[in-house]
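Asks: Order-wise, the sequence lines are chains Y and A.
Heads up: the first sequence begins at 1 in our numbering, then just goes up one per residue.
Heads up: the second sequence begins at 1 in our numbering, then just goes up one per residue.
One thing to keep in mind: the hints can contain errors.
No distinction is drawn between identical chains; accordingly, a pair holds when it is met within one copy or between any pair of copies.
Unchecked claim - Cut-off 25 angstroms, straight-line C-alpha distance, at most; resulting in silico cross-link-like pairs (BS3-like, lysine-lysine):
1. K59 to K622
2. K58 to K277
3. K200 to K67
4. K622 to K668
5. K472 to K389
6. K472 to K435
7. K683 to K326
8. K651 to K687
9. K358 to K472
10. K436 to K472
Keep in mind that the hints were calculated from the coordinates and are not lab data.
There are 2 protein chains.
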Amino acid sequence: MKLFALCISLICISSSSTFANFYFNLFSPDKQLQLNFQLTREGVPFYTLNMDNKTIIKKGLLGIKLKDGISFDEGFQLKQIDTALIFDSWKPVWGEERLIVNHYRSMMVTLTQSTASDREFKIEFRLFNDGLGFRYIFPGQEVLYHFIISDELTTFPLSDDHKCFWIPGDYDSNEYMYSTSKLSEIHALAEKPGTGIGFKSPINDSCVQTPFTLKSKDGFYLAIHEAALINYPAMSLEVNRNQFVLKSHLTPDCYGNKAYLRGGSKSPWRVILLARKAGELITNRIILNLNEPSTIKNTDYIKPGKFIGIWWEMHIGKSSWDYSGKMGLEIPYNQLQASGKHGANGIHVKQYIDFASKEHIPYLLIEGWNTGWEDWYGSWKEQVFDFTKPYPDFDIENISNYAKSKNVKLIMHHETSSAVTDYERQMDQAFRFIKKYEYAGIKSGYVGRIIPRGEHHDGQWMVNHYLRVAEKCAENNLMLDAHESVRPTGLQRTYPNWMACEAARGNEFNAWSVGSPPEHETILPFTRILGGPMDYTPGIFQIKMNYYDSTKTNQLHSTLCKQLALYVTLYSPLQMAADLIENYQQKPDAFQFIKDVPTDWDSTIVLDAEPGDYIYVARKEKNKNDWYIGAITDELSRDFIMNFDFLDADKNYEATIYRDGDTADWQKNPMQYTIEKKKIRKKDKLKIHLAAGGGCAISVKESGK
Amino acid sequence: MKLFALCISLICISSSSTFANFYFNLFSPDKQLQLNFQLTREGVPFYTLNMDNKTIIKKGLLGIKLKDGISFDEGFQLKQIDTALIFDSWKPVWGEERLIVNHYRSMMVTLTQSTASDREFKIEFRLFNDGLGFRYIFPGQEVLYHFIISDELTTFPLSDDHKCFWIPGDYDSNEYMYSTSKLSEIHALAEKPGTGIGFKSPINDSCVQTPFTLKSKDGFYLAIHEAALINYPAMSLEVNRNQFVLKSHLTPDCYGNKAYLRGGSKSPWRVILLARKAGELITNRIILNLNEPSTIKNTDYIKPGKFIGIWWEMHIGKSSWDYSGKMGLEIPYNQLQASGKHGANGIHVKQYIDFASKEHIPYLLIEGWNTGWEDWYGSWKEQVFDFTKPYPDFDIENISNYAKSKNVKLIMHHETSSAVTDYERQMDQAFRFIKKYEYAGIKSGYVGRIIPRGEHHDGQWMVNHYLRVAEKCAENNLMLDAHESVRPTGLQRTYPNWMACEAARGNEFNAWSVGSPPEHETILPFTRILGGPMDYTPGIFQIKMNYYDSTKTNQLHSTLCKQLALYVTLYSPLQMAADLIENYQQKPDAFQFIKDVPTDWDSTIVLDAEPGDYIYVARKEKNKNDWYIGAITDELSRDFIMNFDFLDADKNYEATIYRDGDTADWQKNPMQYTIEKKKIRKKDKLKIHLAAGGGCAISVKESGK
């Protein structure tokens, strides 16, 4: 629904004019943001950005270097500027809000170069009340058809030595713990020990990943990311620690080339999200707005929901992905001998189907169902998994029929071990196989070094691959949850069957590595999740791994209640209830929250939040009048007064409060919890206590009385 | 049929023994070749090879460098040597001989290293009467599973500054003209101008390709190549010009890695073919013998034969592969506008079907039938061709039905433009499509730079790809003719549906480049074709391109009769009659030879030959008593006395002699020819005159009288 659009062509001059010394100011709809666009004396385009008359971006250079021939870097002259004011709104298929407003002032700058006067280069800006997006538009077909990008020149010169939340720039992994430091103190290669990242390709000591989030001394928040990453490599940011300038750093291929494009194409949007309060970053919808509307017409099969899985048990060592227990050697199918420890065996799978059915969990993920796990990891091997060959104890016909009879939908695991060439070879056949057994979706995995050798997880070739899989899923009415893929950039708007990605350090690391500190989940929504939902796999009730193996010291850096609160604070339309079903069966009262909490929302309110410290969020269930509140803290215990302004004034509610026990503590007593019910009305207030590393989850349901 | 095998285990010593100063001699079955194997003081294995007491190989080092860990390069000690004498024979599905004898003495050397005493490294030698093959066998699974080869250390130190016939070592192209020089004079980068090779990656100034063929001053001939190139990169040879040492140079991937292997695998065979007369190289069957027997059980669909094609007309500019004539811009299907010049249009295709049917040519190749040709070349573009989408004027259902009604089988063209990732994505669907329309086979093409970017035409990844296509063809009962693939290494024994490769400079270059000199076809059978059949596309009757376009100076460097003789001198089970059908219709008398000449033989006799000068060959048709003779010369005219010793003594024959006209000359009068018939008996002699750049073709059919 386009409510209002006003377009003005501001300047239209002949291409021979140099139009020196011009500058152009664009204001956000609320006038609080000011964008200035100019050319330097050498014809290099640049922009500045202010908010509330404070400098956000000082003099950000714009441009693209090409590998051969003339680059889009300097010698530009202005040809035309067109602006428009857009007020629009749209309804996502699923999400944190029923309706998303898209309100911005746009500016399309058309430039030419005296050295290549028949080529136009455009820079499109969209200035929202809460941030800026801009992208490059390359000339149309006749004047420059195929070309190779060797570098992107975009810079983001910041006004001060801001505090920032970052992980190292890496071409192949996002699974780092966050660091908090000043810009001047970033040392990306100073790695924390024991992080357990299987394969990584850190770029250099001054490169960080996006979303890159900062906080200024004078109290504004800033996050830099990209939107609509299609047919282009992912961007990292090269930090100049002395001058506080960030420069785009694109993931290369083995030749150092960044992108193979043709005329008429566009770069992804470069996005600067702005907020005066931290929580406004979480509800900022610019990245979604900058993506194209959905390409999927039939969305009936796209159903947000929760899933359990034959999965955590492998992480804690209770069972295995492989069938034979003989890891490291490929074994022919007819020589496979059962180890007795295989997780995805029919009897066990049916227990999970029964549980999901009984507890109304719609989906079940089963990992380790197909052959290849005996020799899948670490050797850069190309032919690993057979995506149509289940292990001998996984009778897929029988299991899928049983699931169907129990009204449970299965999610198929496609671990590629990053042998992507071989996965693509098998895809046609694999998708026919999935359709035959009526799975609901796919969880993909890209563990290890990429084949084609020379490509990276975050390079253009892989970016195209992930999207190809999403499109193939859409053709087959399948949902997609991609793991170890490039981090999301709002493409869930365009491909709403692409429900979630991992693309960050998930809960699994707590099972077998040093884990992630309690602050981790208070940073994710300000960074990684700005781009799109994360399959974080919350809901672990058995916090300490020595429960399974007394020699283990690993544990979640979390209380049990924090695990519940994550269902609200970390948004995803597919949320796993990641723990073993026996752990849920032992605590049916706490599990009730997981059963209740929805995965699709009418609205989202950040009550208060500070990255690295705490997040308190309230969300209203889609098409219902029930609310869910999640509150989490870092390693410090906190108290806060919850108010219920968001409730309807004339209605009664019953709150069920899942809070940390009085002596709970993520290290000493993580599993202590208390559940209380309270009548609540709009004007009530509630004092909430969060233990160190703790959390609180509340359901607030409309009650008749 | 294994006639005789004698095996002796010669040495069996404990692994702790160093077994210094040993040496071992192995003799060929006829005792004329002597192989010596030893270890140096540093435990480096080496071999020498003599023939007729002349040194062929002086001290050839053996070994493999691994990327990580301990290499197979030195510190070896002998553990065991086993020898055997094999006398065997087998029948190829098709070929130059009905029965191939496999007679050799084998020696399996088992080595260990003190630094890795649990690993065995084996070198297997097979010494034939006419050459040597050896290969490396890597340890089995437990001790070394996955590993990366960084270098192969094999050397071939030659005894003198031999004359040699070579093309430059190149990771991506074999389409060079041959040079003839001494070893000491090789300069691989001194390229001849105007060769017209579209994309190439020459290695360095001292690297040459295999098959690499040499002639010694004392009159022996030598060719170095490889056999059974599977899951390994192609080998080039690095020439030490001062010491006459050749060293294996493997095609790398983008990381400089050569091969990703696992324990239990084997290298291809390194092969030295030896001959006292040049022609013996042509009939040497070692390369076939070193390949494994056929993996294909049902060979009914594998039928050698001739084909015509909608093909040469594109090379001469009469028609186009593309539909619209707008090259360089991709055009959406629904916007395609006919240029009127599209070769693969239904009406034209049916003319070719009619001709093939009438003339009993079993196969028709049609290029340019599918979308993508408007923007297919030179831009390293990944999504180019749609292998299931014919152009609007190519009604594949109608055309394939018409062909069927006329008893003509179609060959589908799969030009990949080297976007191999995309071809592999489409393969499943593409092969279902081919089967639907009942094509007989595929001609594949790999023009341009490989995608996956970083891979080469001759690297391990592509070597595996070509074989994958051959296997996929076999699964679908299709024959394969691969163009721009790696040069063959005798795999046609194992995959007899893989009929031919281009992998050299074919006749097409004469249409639009400086072409190939008249000697070219006299060198090919001594080099490239030693590895397997070549789809050279002979049979061009219209020699001069100014016939089509008066501005053109291109021409074949050949007389018309030489074009006929090539059907005999250049063996392939799929032979194209490459010229336009109207050119054949104008010369039905000469075309009769093409109609008659078979593509499958009972036996082959090289009457006389000298690489770079001339080749005279007689072949007996499979299952018939008819003979065909081909004689070609280089730029010099020649006379020779043909004798017919190979005929049956008690039979009468009629020879039809297709000879150069009396004033024929490849430059001045290339199309002059004379056809004569003669009664012939075994004891007859025939004087044959070959014009400069000329040839003579003779059919000798048994006649009742």
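Asks: If a hint holds in the structure, say so; if it doesn't, say that too.
Replies: Going down the list of hints, with the structure as the test:
no. : hint         : verdict
1   : K59 to K622  : neither (43 angstroms within a copy, 80 angstroms between copies)
2   : K58 to K277  : within (22 angstroms within a copy, 80 angstroms between copies)
3   : K200 to K67  : between (27 angstroms within a copy, 20 angstroms between copies)
4   : K622 to K668 : neither (37 angstroms within a copy, 87 angstroms between copies)
5   : K472 to K389 : both (20 angstroms within a copy, 19 angstroms between copies)
6   : K472 to K435 : both (12 angstroms within a copy, 24 angstroms between copies)
7   : K683 to K326 : neither (62 angstroms within a copy, 72 angstroms between copies)
8   : K651 to K687 : within (21 angstroms within a copy, 114 angstroms between copies)
9   : K358 to K472 : neither (32 angstroms within a copy, 47 angstroms between copies)
10  : K436 to K472 : both (15 angstroms within a copy, 23 angstroms between copies)
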